[in-house]
Amino acid sequence: MRGSQEVSHMFRENILLALESLRLNKMRAILTMLGIIIGIASVITIMTVGNGLTKGVSDAMQSLGGNNISVYIEEKGMEEEEADEGTGEEPVFGTVEQTYGMTDEDYFTAEMIRDLCDHYPDEIQAISVEEGLGSVECVYNDKAEAANLTGVTAGYFYANNLTMVRGSYFTEQDLDRGANVVMISDKFAESLFGDVDRAMGSTFECMVYDQHLEMTVTGIYQYQKDTMMSSLIMGEGDTAQMYMPLKAARLIYGEDSGNKYYWFDIVTKQGVDSESFAQTAQQYLTDTYYRDNPYIQPSAFSMSSVVDEMSGVMGKVTLAISAIAAIALVVGGIGVMNIMLVSITERTREIGTRKALGATNGSIRTQFITEAIIICLLGGVIGIVIGSALGMIATAVMGALSGPTPFSILLSLGVAMAVGIFFGYYPANKAAKMNPIDALRYE
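FYI, our numbering numbers position 45 of the sequence shown as 45, with every residue one higher than the one before it.
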């Protein structure tokens with residue numbers, strides 16, 4: 001009990017001596033901490049931004065449908081070739097068709113998709129197909145606005161989280177006959193028509209591929225502003241998004257068969273492992289329809305697997321950059337060691353006096369190591385505050401506000417303490433080994 005009290009008293013005395021030394025040499029202490037502050041602030045900022053990027057990527061991909069599975073056609077052997085080349089990229093839609101001149105038998109058909117749904121009724125909630133017509137000009141009462149026009153099926157609205165504020169989704173009749181009806185956002189409605197109520201049911205002129213078409217608004221959904229991260233991933237930015245029945249879109253650009261699909265999305269029901277079911281759906285389509293096709297095969301990937309892969313990559317990049325930034329801590333540690341050597345030289349007579357009064361080598365060593373640790377910990381705390389502020393500002397600008405994790409804070413404090421011990425040991429050991437007689441004679 002007494003021993004522990006003595007240790008506690010000695011520890012408290014060492015901290016007080018360290019703080020008094022810093023108080024007497026404020027400017028030198030601040031300059032000494034600077035390297036530690038910069039190093040810790042850099043690591044915290046990078047880790048916070050990395051967490052924000054990961055969160056932003058995850059949220060942006062989830063907004064596309066966390067339970068979605070994309071099914072597309074690719075060249076047989078493409079996965080192996082890409083693995084050999086090490087590209088790691090998804091195939092570009094259209095390349096297979098351009099290379100082999102795909103026949104009708106190569107495409108997905110409505111019958112195939114219906115068969116897939118019938119075979120897995122407990123896993124599949126809806127099927128989404130979309131085809132973009134690009135940017136179009138919309139005119140109402142001599143006012144013009146640009147929008148991206150996309151043809152969609154009913155399943156699209158299950159795959160994407162659209163909240164209706166007026167009207168409804170497309171009816172089966174609209175979808176079957178390919179009616180020129182559209183869904184627009186409330187923001188676009190206010191911009192083109194003046195207000196949402198006036199837009200509902202209104203007809204306006206739309207310039208699509210040099211065709212002047214009359215479009216009728218049957219539904220208005222709630223606009224959701226894209227964050228910087230989602231804009232980078234989806235490439236849409238703040239351009240208005242307008243939707244029409246898929247069959248109508250195909251009729252506009254002259255493809256009226258309506259029964260050939262190069263790519264479609266599966267919306268899985270809650271509780272279904274989308275990553276596992278993606279492989280199941282791919283295998284079923286391959287075995288049932290494409291086993292004997294010499295060139296073409298179906299492929300599938302889940303949005304959750306993409307999120308996991310991107311999060312893993314972002315985590316590795318963040319750690320790598322943080323390790324580079326941590327080099328500043330080494331520089332800071334060297335600065336601490338140099339200042340401690342100077343301090344010991346200045347306090348040689350003090351060290352000699354303490355040893356003459358009975359201080360052991362261990363107590364002298366502990367005193368100066370404690371001082372080095374205090375310097376590094378104070379620098380670490382200041383660095384954490386600065387790094388957290390910079391990281392939160394940066395992630396707020398990206399639209400994915402994030403703060404430092406408890407792990408990163410504890411890691412930074414631990415590293416700061418380790419730097420203090422490592423770079424403070426040599427000066428402390430040098431002080432502990434001083435001859436008290438020589439130290440007292442030092443001028």
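Don't read these hints as lab results, they were simulated from the structure.
Misleading hints may appear alongside valid ones.
When the alpha-carbon atoms are kept at most 25 Å apart in a straight line, the in silico SDA-like pairs for lysine to any residue are as follows [unchecked claim]: (1) 247 x 130; (2) 187 x 176; (3) 55 x 247; (4) 269 x 129.
Going through the hints against the structure:
1. 247 x 130: 10 Å, holds
2. 187 x 176: It is violated: about 28 Å lies between the C-alpha atoms, which goes past 25 Å.
3. 55 x 247: 37 Å, violated
4. 269 x 129: 17 Å, holds
In this structure, the earlier hints numbered 2 and 3 are contradicted, and the remaining ones agree with it.
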